[in-house]
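Asks: From just these sequences and the hints, can you work out the full model?
Each residue of the sequence shown is one higher than the last, beginning at 0 in numbering that gives the first Met the number 0.
None of these hints come from the bench; they were simulated from the model. Certain hints may be false.
Each pair of labels, with its calculated beta carbon distance range [claimed, not checked]: (1) Asp204 <-> Met44: 23 to 31 Å; (2) Asp32 <-> Thr116: 34 to 42 Å; (3) Ser97 <-> Asp136: 39 to 47 Å; (4) Arg14 <-> Gly45: 35 to 43 Å; (5) Leu77 <-> Ala7: 33 to 41 Å; (6) Asp13 <-> Gly162: 20 to 28 Å; (7) Lys61 <-> Met0: 15 to 23 Å; (8) Gln203 <-> Glu86: 35 to 43 Å; (9) Gln2 <-> Met150: 24 to 32 Å; (10) Glu118 <-> Glu36: 28 to 36 Å; (11) Pro35 <-> Leu77: 19 to 27 Å.
Derived SDA-like pairs: lysine to any residue, alpha-carbon spacing no greater than 20 Å straight-line [as the list claims (entries may be wrong)]: (12) Lys6 <-> Gln242; (13) Lys109 <-> Gly99; (14) Lys183 <-> Ser43; (15) Lys159 <-> Gly230; (16) Lys186 <-> Lys134; (17) Lys104 <-> Asn169; (18) Lys6 <-> Lys68; (19) Lys30 <-> Leu135; (20) Lys104 <-> Met114; (21) Lys159 <-> Gly185; (22) Lys37 <-> Met0; (23) Lys228 <-> Ile157; (24) Lys113 <-> Met91; (25) Lys134 <-> Thr20; (26) Lys68 <-> Ser43.
C-beta atoms are modelled at their ideal positions from N, C-alpha and C, and glycine is treated no differently.
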Amino acid sequence: MAQDVWKAKEEQLDRYLRLDTFPLGVKFLKKGDAFPEKTTTPSSMGIKIALCQATNLARRWKWSMGIEKGDINCIPALVGFGWRQPENIDVMLVFLMSMGYFETKEAALKTMEKMPTMEPGRFERLYISPLSRMKLDPDVVVIYGNPAQMMRLAQGYIYKRGGVVTSETNLGFTCANEMIWPLKEGKACFIHPGRGERVLGLTQDHEMAFSLPASQLDDLIVGLEATHKGGSRYPVQSYLLFQPMQIPQFQELEKHLKP
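Replies: See below:
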């Protein structure tokens, strides 16, 4: 689809959600696929960054970010996205325990088995961009917001599909939960950003994310519009048509007012 189509979708999302940051499209690029023009890469700035920094640069600064293996210095992200491979699973279990996430290897393994990862060689680079600047059709859409905005996204998502939206919350690994999980599972999820993203990506305490396959975005927007018309809105319409009780000081002051 053309860039103006994705721009229109961003405008529709903002109309019903009043987002503080730009909704993102994520495209997994294979070997030989080039970044579009006006894509910013960490290597062009002479630095390596964590993947969550790239996400936040895109959603806060409105940059279209291009990411390759050599741009990333977050080792867990390199492993999760298939850019680097551990010698064996025990290496990862020891690492997770050294970070203080688990008491035993058994507990660490149970979580490792649930964490979304990308097969080595399946893709070569990532293109992460605000939807309004998206020059390639994304595979996944990621939307950050507060819990009330997440409520609206869930309402919009299930309007046509039914069911529930689940949360993919574990020790962190936010980038993989946002980008890989919806791609593999074919459905939306909530993500509670973890320690790494909040420390390095500067994601705020009140923020969480909603991710879905890009192919489901149109149905989400239809659901947002329909549920908005039905009275589910953001900002939430607090009920204000009531008469509050007067505090004693007000009552005493009123006694001394002229009619």
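Asks: Which numbered hints does this structure break?
Replies: 2, 12, 14, 16, 18
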